[in-house]
Structures are given as C-alpha cells and as structure tokens.
Amino acid sequence: MYNKKVKLRALFLFLSITTLILTIFLVLKALEENVVYFLSPTEIKNLNETTTEKIRLGGMVKDQSIKINSDKINFIITDFKNEINVTYSGIVPNLFQEGKGVVAEGILRDKNYFKAEKILAKHDENYIPPEVKASLGEK
Amino acid sequence: MILNYLGNFALLFCLIISLVIFITSISCLNNKNFFLKKNLNELLFFKFFFAVLSFSSLIILFIISEFSNETVLNNSHISKPLFYKISGTWGNHEGSLLLWLLVLTFFAFFYYLNSKNRPTDERLLTILFQEVIILGFLFFLLKASNPFNIIYPVPKEGLGLNPILQDPLLAIHPPVLYLGYVTTSIVFSSSLAGLIKGNINNLWAKDIKKWVFISWTFLTLGILLGSIWAYYELGWGGFWFWDPVENISLMPWLSLTALVHCVLALEKRSILHSWTVILSIITFTLGICGTFLVRSGILNSVHTFANDPERGLYILFFLFFLIFLSVFIYFIYEDKFELNNKNLNLYTKETSIILNNWFVMYFLSVILIGTVYPIFLEVLSNEKISVGPPFFNKLIIPFLIPFLIFMSIGPNLKWTKNNYFSKKLKLIIIFILSIILSTLVSKFFGNSALNITILLAASFYLFIITIKDLIKKGFKNYSQTISHFGFSLLVLSILLNSIFSNEITSNMRVGDEIKFSDKIIKLQKLENTTEANFLKLIAYFKIEEKNKTELVLEPEIRIYDKPETITSEAAIKTDIFKDRFLVINLVKENEYLNVRYQEKPFMLWIWISAIIISLGGIINIFKKNEKQIL
Chain A
1 MYNKKVKLRA
11 LFLFLSITTL
21 ILTIFLVLKA
31 LEENVVYFLS
41 PTEIKNLNET
51 TTEKIRLGGM
61 VKDQSIKINS
71 DKINFIITDF
81 KNEINVTYSG
91 IVPNLFQEGK
101 GVVAEGILRD
111 KNYFKAEKIL
121 AKHDENYIPP
131 EVKASLGEK
Chain B
140 MILNYLGNFA
150 LLFCLIISLV
160 IFITSISCLN
170 NKNFFLKKNL
180 NELLFFKFFF
190 AVLSFSSLII
200 LFIISEFSNE
210 TVLNNSHISK
220 PLFYKISGTW
230 GNHEGSLLLW
240 LLVLTFFAFF
250 YYLNSKNRPT
260 DERLLTILFQ
270 EVIILGFLFF
280 LLKASNPFNI
290 IYPVPKEGLG
300 LNPILQDPLL
310 AIHPPVLYLG
320 YVTTSIVFSS
330 SLAGLIKGNI
340 NNLWAKDIKK
350 WVFISWTFLT
360 LGILLGSIWA
370 YYELGWGGFW
380 FWDPVENISL
390 MPWLSLTALV
400 HCVLALEKRS
410 ILHSWTVILS
420 IITFTLGICG
430 TFLVRSGILN
440 SVHTFANDPE
450 RGLYILFFLF
460 FLIFLSVFIY
470 FIYEDKFELN
480 NKNLNLYTKE
490 TSIILNNWFV
500 MYFLSVILIG
510 TVYPIFLEVL
520 SNEKISVGPP
530 FFNKLIIPFL
540 IPFLIFMSIG
550 PNLKWTKNNY
560 FSKKLKLIII
570 FILSIILSTL
580 VSKFFGNSAL
590 NITILLAASF
600 YLFIITIKDL
610 IKKGFKNYSQ
620 TISHFGFSLL
630 VLSILLNSIF
640 SNEITSNMRV
650 GDEIKFSDKI
660 IKLQKLENTT
670 EANFLKLIAY
680 FKIEEKNKTE
690 LVLEPEIRIY
700 DKPETITSEA
710 AIKTDIFKDR
720 FLVINLVKEN
730 EYLNVRYQEK
740 PFMLWIWISA
750 IIISLGGIIN
760 IFKKNEKQIL
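Protein chains in written order, with this note's numbering: chain A, 1 to 139; chain B, 140 to 769.
Isolated chain A, as found in the complex (with noise of 0.2 angstroms):
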C-alpha cells in the first residue's frame, strides 16, 4: 500500500503530463486554424487557386490610385510587378497615403481584388512592408 503522499505524487506527475499534452493539442489547433499568412500582390497572381480564407495583403499605395466616396474607399496595393485592387470601409491609420507602406487585411475575392476589413499601417513613416523592400531591391 502506497502511502498518501506517493500517491499524491503521483497525481501530481499525472496532472502535469496531462495538462502539457492538453495545452500543446490545444495550441497547435487553434494556430492552424487562426493563423493569417502575409502575402504579396506578385505572390497572389502566382497563387493556383485563390484562397478563401483571410489573408494579410502587404505593399505599397499606388500613387493617384486612392479614390474615396461617402461609404467606401478604393485603392490599388503595388509590389512594382504587380497590382491587386483593394475596397475598404472603415477608419483608415494616419500613416495611409499614396506611396507609403500598407497591409490590409481581409478576403481576397479574385486574383485582381481584395475586400479589406482592417487597414493596418506603421507608427514609422518610412516604414516600406519587408516583401516590397525585397523586390525594390531586387530591381
């Protein structure tokens, strides 16, 4: 017969493992499913099929392409290769104008259109997202 302290032990260990198992299950299914990729508009056109899912969309504004009206505002996502249309409503960050850096967040429809439903920008005016800074480069 064990004594009550062994078994407590025991208990313990076992509630422990359990717990560790429970969470890791737990975390990794929850990421799979909340997880949002960050992709490129050349990325996009590269894509087989277009996803459904929500989607980080990161580039630049093209210039002369922000058109707003009294319940939407419509604008062209650049990576200097290629372009994805993008229509928001909503508040748009103070760092969002033409030729500076931005990632939307939303539903891509086609290959050539993007439903936004968060406008993200960075506290840094000179921010350019790392992708475009990369193809920049590359030219």
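Calculated directly from the structure, the hints in this document are not laboratory data. Each hint can be trusted.
Mimicking BS3-like on lysine-lysine, the simulated pairs with C-alpha atoms at most 25 angstroms apart in a straight line are:
1) Lys523/B - Lys111/A
2) Lys407/B - Lys7/A
3) Lys654/B - Lys118/A
If you're wondering where the values come from, they're calculated on a predicted model, not measured in any experiment.
Chain A is fixed; fit chain B onto it per the hints.
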C-alpha cells in the same frame, strides 16, 4: 559640448566602479573579512551617482537642444515643447537604455542598503550578479549605442521626435515599465545568490516578497499606461490588440503573477523552493527578451519604430549568456534546497496556489507561442504569417472560467487543514446567484454566446465572493482580496465592453449626417489652427439623441512637420457607463473625412479595475509582515 564628455566620462566611471566591485567580490567570495564589506555601500552609491550624472547631462543636452549630440539630433528639434524635450530623453533607444542602467544602479544600491538582515555572503553574491547585468548594459551602451556620440560639424536643427510619442502618458509609460522590469533583476540575482548559498527558505521568501510586489505593481501600472495610450492615440478604440509588443509586456507580468503567489507559499509553508527560483529566472529573462524583441525589429508589430538589428544581436547574445549562467547555477546547486517533509493536503491553499501557477503558466505559454511562432516560421520556411486575436481569445477565454472559480475559492481555504467545505451552502447559493445574474444580463441585452455567459457567471462569482470577504473579514489579508476584486471587475468590464460595443464608420463631408441607432451624427464645420509645432484641423461633430442634450465632439488631425507626420487625436467623452469615441482621418486632400464613431461601455471601469489590482500590490509593499503561520 562639454556635457557630451561629462556624460561619457560618467559612464566610464560607472564601468570602472562596476569592474572593481565585480573583480574584488569574486576574489572575496570565500573570504570572510573581505575589505569590500566596509566600502561596498559607498561604491554602490558612487556608481549610482555617476549614472545620475550621465543621465542628467543627457537630459540637459536635450533641453538646450545641443545638436552636436547624435541622440539629440535624431530625436529632438528646437520648436518642440520643453516637456517633450525632456521626455524625449528616454523616448529613444540610447536614452531608454541609459534609463535602464540608472534604475539598475539605483536598485543595486537600494538593495544593499535594505538587506542588512540577510547573510553577508548572500548579499555580496546578489550584488555580484547585479554587477554582471550592469556590466552587460554598460558595455552595450558604450559600444553599440552610446548616447553621447558627437557629430561634427554641428547641425542647425534636429530631426524631431516621432509625434505619436509626444504624449504625456507615453512620457511616463517607459520609466514605470522599466522600474518593473529592473526590479525583477534584483529578484533574479537574489534567488541565484540564495540558491548558491542554500538560503532559499521561508525567511528568504519573506525578504524578497517586497521586491516581487514592487516589481509586480510597477509592471501592472506600466501596462495600464501603455494600454490607455494605445486606446486614445492609435485611434482604433480598443485597449488591447494582442500585438506582439503588448504580449511581450504581458508575459513577464504573468510569470510575476505566478511568482507573487508562489513566494507566498514559500514564505508560509516552505514549499515550492525550486519552482520559485525557476520563476525568478523566467521572469527576468522574459523582461530582457522584451527589450531585445522590441528593440531589434524582429517582431512584426504595429508598434515597431526605427531600429537596428545589430543591437538586437548583442542583446540576444547577452540574453543567452544570462540564461546559460542561471541554468548552469541552477543545476549545480539544485540539491541544496531544503527538503520539506510536510504532509500535502488536497483541499488547502497550497493546492490552489499550485493550480493558479498552472493556469498562469498555460496563459503564458499560449502567448509565448502566439508571439514567437511567426518569427520561427519565417526563419524556417520564409512564410509570413500573423497570429491574431481569435487565436488568443479561443485559447484563453475558456480557461479563464475555472481560473476565476479557483480564484474565488482558493483564498478562503486554510494553509493546512480546512473546514471550508462545511460552509458549502453559502458557496452554492452565491454560485446560483451569479449564474442567474449572468443569464439575466445575457438575455436582456441579446447576447447568445454560451461561453461568454458562463464566463460572465464565473466573474460575477469572484466579484460577489471578494465583496463578501472584504465586508466580513475586514483588514485580514485585504491586499489580496482587493487585487482579486480588481481582477473580477476587470474581467467583468472587458466582457460587458466587448458585448455592448457598437460602432459606425463612414466618409463624411461638411454638412453630412449619418444615422446611428437612435442618434444622428452631423459634421458641422472644420477649422484650421496653427500650434507651436504642428498644424491642427478640428472637426466639430454634433450628436443628437432623442430626449437628451446634444453632444459636441471635437476630434483633431495634427500635421507635424518634423518629422513630417499626421496624427489623429480622438475625441473621447467618458462617463461612468460608457465612452463615446470619435476619430477622424484625412484621405488624400479630399473633401471627404474618414470618420469612425464608437460607443464603448464600461471603458472607465477597465482602467479603474487595473488600478484596483495594483492597489493590492501597493498595500502589500507597505504593510508590515504578518505573523508566520506554520
């Protein structure tokens, strides 16, 4: 010009004193009558004095706008208001590190002054570890980010401070947060020293407890300040975005919260020795990690400011050194722990503290994985992803329910044996009451999500039980009850806030009207004014509601020229029940204004409950030690 040299030399003196303390204390480790014993206090004071000298010369350089200094040049300009010239001192990388150093030297001095009841060799070892950290920061400052670099020829005008940082709250946010981070370094050093000397016991816990609470309180307040700033400055109308930079400040807070509980268990019951040490190491490492990740630009965060990967590499190296050192020491001296032969009982406070630690560590690992996973994935597969709020909400909210329930029951259990369950009836009545309350709230306001209703019930449960305890027990353990009460209030206000928040976005011209439930929002006029260092565009909105006085909100857009930046200043009307939040933005030079109007209930209560939580910590710092219950 002379101040540049003064600051630099003061830093060098700091370095020399640090080296002297470091080397002599190593050679005196096994020597009982080492010569430092008499002079260590003075040496630590002089080091602190030189750090103050260095920091104040940087402040003066900022005040007189001495652009021969590179840091001043990059982060200031003449027309900036005096207040932001001063706060600009620590609003940048170099200055903020100097502030770290200043606080480090202060706490090393302060610790030595206030630890006279500890064994001398343990104090000396603590100071030694503290010196290792200080030396690391000093080398880093002098080599990779010297705040006193001189530029020649002297430029006429500086480049300015990022206007988004020109904010009174953000001026005090970093120092408060740093005070929290740096205090964990004392806990770290002291636990390593105690470990080596085999002194980790209930007396040690009693002495280190104060430091843990100081650190926890400052960190809580620091996070609160950052959160309030993000709420009104970033214009999204939220207070927490699960952004990497925010997560990084939350992680040390979580492990500190675990430490706060487990240090109590160590003090009262002499259990969890090794876990306490591990938690101290984890907490401090996470704090340094925070500095590293924020400053290195590795994180894909909305808060990223201009930064330098090379510096990140140094901090990374330093970080690995510290982790390696502490793990090494841990495994060598691990067997020195006092073994406890006490009987473990299931229904005791100990069990509830262990449960608390499990839950907190779970929350911590979820946040850690959510924050770090994207970085690893990018390095490994070049895929870029981001992990957003749904991930965290999904993994954290369900586990808050048992967490809250244990939080209500735990503090009322006894340390050893207990008769709490004889009072079952009362507990069950309160539980039923909270379920009814939450169902009513959900039904009445049309919230259908089941898990939110249950979470609401759990937080009502904690809320009612803590109030009952406050009334019934009076001053016994009231710091703990206050913090727990604050936490229940926090969860409640966050929940109610997220259920009842409502918003509308639109693009409006002058004279336009939009309808929002039973209100009419009208853009009346725009006005331009010129301020000291920016142009201001004020929009006047009138909000008409049936049978109520109309409300005027005046959001602003500020156009700064150095550096050229536009910021939005939200117009917020706060009252006890809700915030009305209106923010505008310019899109091109267009007649349309980008407008967002939000109604956010119980915003004020989120801030108040965070203050109540830290109030518990403050009370604990100042109250006298209770009697030992063994």
